[in-house]
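*Asks:* Protein chains in written order, with UniProt numbering: chain A, 1 to 525; chain B, 1 to 280; chain C, 1 to 130.
If you are wondering where the hints come from, they were derived from the structure by calculation, not from laboratory data. Owing to the predicted nature of the structure, the values given are computational and were not obtained by experimental measurement. Hints are supplied without guarantee of correctness; some may be wrong.
Below, a list of computed lysine to aspartate or glutamate pairs in the DMTMM-like style, where the Cα atoms sit at most 25 angstroms apart [as the list claims (entries may be wrong)]: (1) A/K305 x A/D345; (2) B/K8 x B/D28; (3) C/K37 x B/D202; (4) B/K200 x A/D3; (5) B/K119 x C/D84; (6) C/K38 x B/D173; (7) B/K199 x A/D3; (8) A/K5 x B/E135; (9) C/K91 x B/D173; (10) A/K5 x B/E243.
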Amino acid sequence: MSDYKQLIVQRLEEVKQANRQTATFINNYAKIAESLAKNHKYGPRSSGTLQDNEELSRVKTEMAELYRSKCQNDQMLINANHSIIEYEKKTTVLITEKSKLEAAKHDIAAKYARTEVELQRLRADNDLVNVERIATNATVTMLDKQIQEMESDRIHFLNKIRELNETHIDVMNAEVDLQEQRRQSRVQEMINSAIQNVTEKDLKLEAMIKRMPETNANGDLLLGDSLPSRSEFIFECDEGEVNDVHWLDGETFATGGSDRKIKIWKTDGHGGQTRIETLTGSNAAFTRIDYDRDRKHLIASSNDKNVRLWNLDTSRLMSTLSGHSDQVTCVKFYQSHSAVSGSADRVIKVWDLQNQRCSRSLFPASKVNDIATNMGGSPSLFASGHFDKKLRFYDARSSDPVKTVDMNGRITSLDVTMSGCELLISTRDDTITMMDLRNFQTVHCYSAENYRTSSDLSRVILSSGNEYVAAGSSNGCIFIWNRNTTKLEKRLASNSEQPIFSLSWCPTGYGLLSSSKQKVVALWK
Amino acid sequence: MDYEVSRKVWESLVPVQFTLQSGGPLGDPLPYYTMLPRFTYLALALPKALTSFNRREDGVTIHLDKVWLELNGVPAKMYVPIGVIYDQAKIEAESILEISVKTTPPPANFQMVDQETMKAMFMQNIKQADYLKTEAAVTQAMMKDELPQLWRSVVNNNFDEFWAMNRKLMETDKEFKYVPIRVYPGDDKPFKQSQIKTKKPDGSYITVGEAVGELLQPSSYSTPSSSESSTPTSTSECTILKERRLISHGIVIPYHTPLIFAAKNLSYPDNFVHIVIASN
Amino acid sequence: MDQADGAPASPEPVPAPEPAAADAAATPPPPKEKSEKKVKVVLKSIGDAPVLAKKASVLFIKPQETMATFTATMRRYIKIQPQDSLFFYVKSCFSPSLDTTFETLIRCFAQEAGKEPVVELQYSITPAWG
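For reference, chain A alone in the conformation it holds in the complex (with noise of 0.2 angstroms):
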């Protein structure tokens, strides 16, 4: 296979030994021919006579000496080139810092220059700002006569507004007198026209009191709390369980429980309701309402974490508030514009309802049941409830609660008196408990042998006028107390047996409203 490489390794062999031989000869003439060039070069050297060798040694003496005075001079030329360089180096150091020195120079020049320019547009300014200044006084000197004038103006109309009042407080006194009498001399009438005829006497005493809050429910005027007796109307609104009702003037009230709406509904006096409103929007049951009267705002909380704003007049969502992370509890309107929200993710939420934002957020470590405001004293105060038992209170600028009061049960919901200084907690232990705000006593204890709390959340309520305590049994049952005397006024029984929820009583003080785990609202007069 390869003996064609053995043929061309064999045959290159044999050029190279041929060449071998010319190689030699080639190198040897290349040597010849280059000692001969460098014989060529510097030419034989030829021996002369002796004359020539004196005469050879004369000159070579000579060119001895001219030798040596060249080194001489050599060397001399040396050290002058060497000053020379080194004066030249002097010379450009010199000059290299004459041109440093003239660019400072420069600089300098132009810095001054630049700060005379300066200076100049500063005066300039100055005179500018000295002569607004002066304008500037004068505009304040004259605004101060201004303040002046409208001050004594202000003092002036300040003055005329407190007669104006004083006199509206006379005429109104003189108007709830007039009104007083007319109702007394009414009643005057009845009773005599009762002892008259006394067959008819239960009929038209009670036409006589239905007319009588009709009259006066117009501006919601309290003229006391009456004791429901028996119930107006009884009805199915809901779906399931109707977690809050509220009143929302002497006419109209709202229920909100797990049918996932708000309903409005509208009494007509005679024992009948109308619906006149529904407000959706949630994903899951309410559990609270609240009702700002002079905004006409409804706020209610719900279990799908969401706390929801509405405004009546219109019926529209205003705001959707969401930031808890389990449902909410319940919900208060506080101060103005504002919310307080509980939730069962043990956060108290305040709203900010203008901006419709979370404004501060409140880590109390127990689930929050109810929440209250309206607190006399402080209006910044508001106090929660919770289902550790205790009762915190804070204020609007501690995140740690001001006051925490420890109670018996669980706490189910929380409410005001008028004043402000009375706090109604209803706890899980069946009792209700009337704390004065003010030494954080307990002033009164409400409870009755059949009367159980119906649910963690179930409500507890003062009466308009405050006399009364009202509350809801698990059995159905509504039990009304005196509030001073915590004697149990009423018992009021409903034919169903289920758990009463919440209650509401009427703004007028002549109705109860009351909402249950089964569909049923009743109305109570």
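Model the placement of chains B and C on the given structure of chain A, informed by the hints.
*Replies:* Same frame as chain A, but now just chains B and C:
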């Protein structure tokens, strides 16, 4: 790569004589004799010869751009490898290549080639060879200074350095598409070159003999006069070849040497296989 | 050496592709000698080299002509300034060596443009492609 063959090919030398015919006042200087590697070029050897001539102390310096070279009465090609020139000019081994350096005005068909031009021509030849072998795939993938490095190893006569780089050109991923081979038909005719594959359709290797036979066959472009004279009977290709010897690197290459072996081991540094036809 | 087989030195090259000859080349190949087939060459300018008209850029060259004589002729044909160089390239890749014949070019590097094989040469006055 076959190291033994490649090394011997690289080390192969030829004796060259340079004579100067200057007509100067001191007469012509002595001839300059030297052994030159076959792979080198007259363009690289001439400066040394001139240095030797200029050693004389007659003050007349011969400049490179004032001379031209003559060989056997015709201008010499400075860009052809010296081994190829030698094989073309000389039939007998052991004889000396005689180059005349002349200072008369050069004839128009003489091309003076200095080292830089030679370098460029060398690299163009490499690229042409690579175009035939791989359609220029290798050279296009090379870095900018790799080809000049190849040239430097030729100038410095460095075998190891040359092969370190040449290996890239020879040991390609795919088989060679065509083999870069040039055949010099003799009588100073220009070389023949064509698209010669490494294998026959049946898969067997094409031999050097077959490749040369194919190259010498008259193509459709061959001039009628030359085809008549050189191939009287184109049918008996073998007999034509038998009358001729294939010379490369001063030796007769066996007919049955596979062409691919020749391409990888017997090529000159320009990557071409140069074969001179000598009639018996 | 290529002058040895009778081709005269460059002043009067064989194909003499002066503009007149180029015009003739556009028409069918000149029927001077029936047996002699000429190589069709197309020239393309690259870089700053003068551009030839489309007609003038197609030439028919004798196959035995070498690059050396062709280059000398083309310097005048393309009107290259004396101070400029002239480089020819094949396949936009390499420049063929001086004694390459057009027979070699058409055998090795032809471009099958239509029916007729053609050699395309790029020319430049500066070195291109390394």
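*Asks:* Broken hints, numbered, in rising order?
*Replies:* As far as the earlier hints go, 2, 3, 6, 8 are violated by this structure, in ascending order.
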